[in-house]
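S.K.: Residue numbers (my numbering), protein chains in the order written: chain A, 1 to 322; chain B, 1 to 117; chain C, 1 to 268.
Check the hints yourself; a few may be wrong.
Listed next, the in silico SDA-like pairs over lysine to any residue satisfying Cα-Cα at most 25 Å (straight line) [as the list claims (entries may be wrong)]:
#	chain 1	residue 1	chain 2	residue 2
1	A	Lys165	B	Glu50
2	B	Lys18	A	Ala169
3	A	Lys104	B	Glu68
4	C	Lys144	A	Arg72
5	B	Lys75	A	Thr234
6	A	Lys306	C	Met61
7	A	Lys119	A	Lys229
8	B	Lys59	A	Asp108
9	B	Lys71	A	Lys306
10	A	Lys28	A	Lys306
11	C	Lys144	C	Asp250
12	A	Lys119	B	Tyr9
Distance windows between CB atoms, simulated [unchecked claim]:
#	chain 1	residue 1	chain 2	residue 2	range
13	B	Asp104	A	Ser180	27 to 37 Å
14	B	Asp81	A	Gln21	25 to 35 Å
15	C	Pro220	A	Ile228	41 to 51 Å
16	B	Lys93	A	Glu17	44 to 54 Å
17	A	Phe173	C	Glu104	41 to 51 Å
18	C	Glu67	A	Glu299	21 to 31 Å
19	C	His265	A	Val172	29 to 39 Å
20	B	Tyr62	A	Gly158	19 to 29 Å
21	A	Phe173	B	Lys93	48 to 58 Å
22	C	Pro220	A	Ile226	50 to 60 Å
23	B	Arg94	A	Ile228	54 to 64 Å
24	A	Asp32	C	Leu154	48 to 58 Å
Read the hints as simulated data drawn from the structure, not as lab findings.
Virtual Cβ for every residue (Gly too), placed ideally from N, Cα, C.
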Amino acid sequence: MAAMMTFTRLSNEEKYERFMQRIEAGEKIEADDWMPDEYRMTLIKLIAMHAVSEIMGALPEKEWVPKAPSLRRKLGIMAKVQDEMGHGQLLLRVAEDLLAPLGKTREDLIEDLLNERLKFHNVFHMPAPTWADAGLIGWLVDGAAIMTQTNMLDASYGPYARALKRICAEEVFHAQHGESIILALAEGTKEQKEMLQEALNRWWEALLMFFGPPTADTTGTSKQDITIKYRIRTKTNEQLRQDFFTKYVPRIWALGLKIPDETMHFDKEKGQWIYRQPDWEKFKQIIRNNGPKSQERLELRRTAYKQNAWVREALSAVRTAG
Amino acid sequence: MAGKEQGFYQVFEVFSRKAPDAPMQHQFSLLAPNEEIALVMAQENFMRREPVADLWVVKRDYIRRMSEDEKAALKRLDNKDYRLTRGYGDLKKRWRKYEQQAFDEKEILSWKGEIQR
Amino acid sequence: MSEKHVDANGREALTELLFQLADDDFLLAYRGSEWLGLAPHIEEDIAFSSISQDTMGHAAMYYQLLEHLGCGSADELAHARPASARRNAVLLERANGPGHYLREPRYDWAFTVVRHYFYTQAKRVRLESLTKSSYAPLAEVAAKIQVELHYHLLHWHTWFVQLTNAPGEARTRMTKAIQDVAADFAGVLTLGAKGTDMVRCGLIDEEKVLTENTIAALAPAFAEVGLEWPMPFGMKHGNGRNGEHTPDLDEALATLSEVYRAVPHAIW
């Protein structure tokens with residue numbers, strides 16, 4: 001049988017060609033399969049960032065877990081933040097398997113995050129000072145995340161696609177959890193309504209930034225072309241942002257909320273939403289861990305990681321039973 | 001069995017069965033320092049919203065996996081209808097000659113219930 | 001004891017017991033919720049959160065029994081009662097460690113494991129007794145809660161044995177945590193000043209029986225880790241059943257009711 005196995009004897013160009021044929025035919029690439037370095041590195045960067053963003057993303061909402069205003073809300077937000085950690089777990093596993101041939105493990109990934117070599121999503125650098133922020137994160141930040149994640153459900157990399165299927169199934173609960181908090185506030189007292197409007201004002205720019213710059217010219221780099229080439233995703237940043245507007249802007253208006261951008265409207269002729277660009281310079285600063293809460297949240301994670309080091313050390317050499 | 005393992009982060013594959021008569025299904029993988037901890041983590045990490053009737057964790061090192069080359073060995077020709085009911089489609093007509101019904105899959109599987117006399 | 005035939009003492013004993021059960025689970029679940037995102041490893045973070053959710057769910061069931069008895073709404077009972085009205089054991093209100101869940105959380109995993117393991121064993125024994133309670137709605141709730149305790153016990157027993165049996169620093173930390181938890185554990189086992197009435201009305205077994213059964217449940221684990229039994233149990237930081245509490249509880253109540261109190265009479 002060995003004689004028939006020709007794949008290992010192919011030249012790198014032939015391997016690459018076969019690889020591209022496979023993904024163009026809709027086949028899934030698995031962790032142990034041959035893949036071009038560019039594909040592996042693109043996936044590692046994308047998925048590791050996605051993973052640590054879930055984990056860092058748990059922190060702004062976590063602030064509100066012990067404070068949630070009723071038993072049901074306490075349980076709901078606990079389950080929601082638990083899911084975020086769960087998504088982090090799924091994605092870390094996918095990234096770790098891609099990193100294994102490079103001799104890297106979860107420890108390296110977590111340390112890269114803590115040492116600021118691995119960046120996390122812009123939205124999770126922002127403050128969440130009220131309960132309405134917790135609701136808004138669940139409603140709109142998760143809404144934006146659903147847009148980008150469903151866009152990758154058919155990703156050519158099998159393990160990522162499978163993780164995303166699990167994640168998106170749970171996002172449906174997250175969307176409804178967020179809507180439930182928001183509707184209670186929107187239908188609540190004057191104070192509650194104000195709290196909600198203020199949260200929207202605070203988050204609007206970060207939400208626009210969530211999808212990334214429209215073109216590489218805006219910020220200097222953009223991975224969107226490579227990810228589309230390798231069939232990891234299909235839509236561009238701008239398409240996703242427009243999709244988000246289409247789904248969410250009418251709902252925001254329907255609740256009587258004001259979007260803090262007076263230019264925001266749908267241009268029927270062009271078939272697209274017109275909006276004011278966020279400050280992309282600020283975006284660059286934020287993702288370099290210079291956002292309002294970047295350092296505080298990293299420090300929280302560093303403290304917890306250091307504080308529990310003894311547990312990991314203790315069990316590193318425990319005999320398994322049996 | 002495993003003996004002394006090194007490192008906190010060992011990879012375990014998690015399998016579960018939804019109901020006592022359902023097959024074991026692969027769910028996902030997790031990191032744990034040993035199989036006892038892995039077992040205690042498994043359900044809540046991957047099956048928080050579905051029933052679980054049984055659960056396995058298997059250290060990934062113990063799984064013999066296929067390489068990309070070896071997966072070629074999984075392919076076969078579509079010329080084996082002698083293994084399938086569709087290779088025996090003539091029976092219906094032939095039994096008719098004897099005024100008998102053919103026992104197709106639907107008929108045979110119905111025998112687990114009460115049989116009309 | 002049916003709802004219709006409760007004498008005044010019996011009713012007081014019943015609500016007192018329900019407050020003990022509800023507040024115990026509520027405060028420990030709250031402490032668990034503070035850990036979210038900070039556990040020693042991500043997989044455990046997720047598993048632990050399920051246990052905290054279960055436990056808060058149990059508290060909610062007890063608060064609902066109190067609501068049916070006309071003591072106020074479950075949310076009000078959970079969020080609005082002052083420290084002096086709380087009946088939880090002091091052990092369960094104690095902070096997870098120095099620091100705050102948002103700033104410098106120097107949380108102690110050894111204390112958390114030992115506290116949860118000890119409490120879960122005591123809870124299991126108590127539930128077994130409650131399934132025979134003369135107050136049928138409580139007996140029914142207890143039987144339901146029992147179902148989820150198997151996982152909690154498996155989980156905490158695994159951590160307890162593995163960390164205590166690990167060499168070096170871990171064993172030292174666990175031994176210290178055991179002493180620390182034992183010093184307040186009598187506060188979990190006591191039924192407080194109304195205990196005699198609770199037993200007289202057949203609501204629950206007497207304290208002595210519950211204590212013996214809890215010790216019997218914990219003993220095999222101590223044999224497994226080769227440690228001396230940490231007797232006697234104490235109430236170093238006070239008897240929560242009688243409304244004696246620590247500043248840790250004040251801090252917890254302020255946090256957990258912050259939003260609830262922010263807009264009075266609002267619906268959230």
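S.K.: A separate judgement is required for each hint: does it hold in the structure or not?
M.R.: Here's how the hints hold up against the structure:
1. A:Lys165 / B:Glu50: 15 Å, holds
2. B:Lys18 / A:Ala169: 18 Å, holds
3. A:Lys104 / B:Glu68: 22 Å, holds
4. C:Lys144 / A:Arg72: The given pair, whose Cα atoms are some 19 Å apart, holds under the 25 Å limit.
5. B:Lys75 / A:Thr234: 30 Å, violated
6. A:Lys306 / C:Met61: Outside the cut-off at roughly 37 Å; violated.
7. A:Lys119 / A:Lys229: Holds, at about 23 Å.
8. B:Lys59 / A:Asp108: 21 Å, holds
9. B:Lys71 / A:Lys306: Violated, at about 43 Å.
10. A:Lys28 / A:Lys306: 39 Å, violated
11. C:Lys144 / C:Asp250: 31 Å, violated
12. A:Lys119 / B:Tyr9: 23 Å, holds
13. B:Asp104 / A:Ser180: 27 to 37 Å: Cβ of Asp104 (chain B) to Cβ of Ser180 (chain A): about 51 Å, so the range 27 to 37 Å is violated.
14. B:Asp81 / A:Gln21: 25 to 35 Å: Roughly 30 Å apart at Cβ, these two residues keep to the hinted range, so it holds.
15. C:Pro220 / A:Ile228: 41 to 51 Å: 59 Å, violated
16. B:Lys93 / A:Glu17: 44 to 54 Å: With a Cβ separation near 50 Å, Lys93 (chain B) and Glu17 (chain A) satisfy 44 to 54 Å, so the hint holds.
17. A:Phe173 / C:Glu104: 41 to 51 Å: Cβ of Phe173 (chain A) to Cβ of Glu104 (chain C): about 32 Å, so the range 41 to 51 Å is violated.
18. C:Glu67 / A:Glu299: 21 to 31 Å: 42 Å, violated
19. C:His265 / A:Val172: 29 to 39 Å: The hinted range 29 to 39 Å holds for His265 (chain C) and Val172 (chain A), with Cβ atoms some 32 Å apart.
20. B:Tyr62 / A:Gly158: 19 to 29 Å: Distance hint for Tyr62 (chain B), Gly158 (chain A) holds at roughly 22 Å.
21. A:Phe173 / B:Lys93: 48 to 58 Å: 54 Å, holds
22. C:Pro220 / A:Ile226: 50 to 60 Å: 58 Å, holds
23. B:Arg94 / A:Ile228: 54 to 64 Å: Holds: the Cβ-Cβ distance is about 57 Å, inside 54 to 64 Å.
24. A:Asp32 / C:Leu154: 48 to 58 Å: 34 Å, violated
Hints 5, 6, 9, 10, 11, 13, 15, 17, 18, 24 from the list above are not met by this structure, while the remaining hints are.
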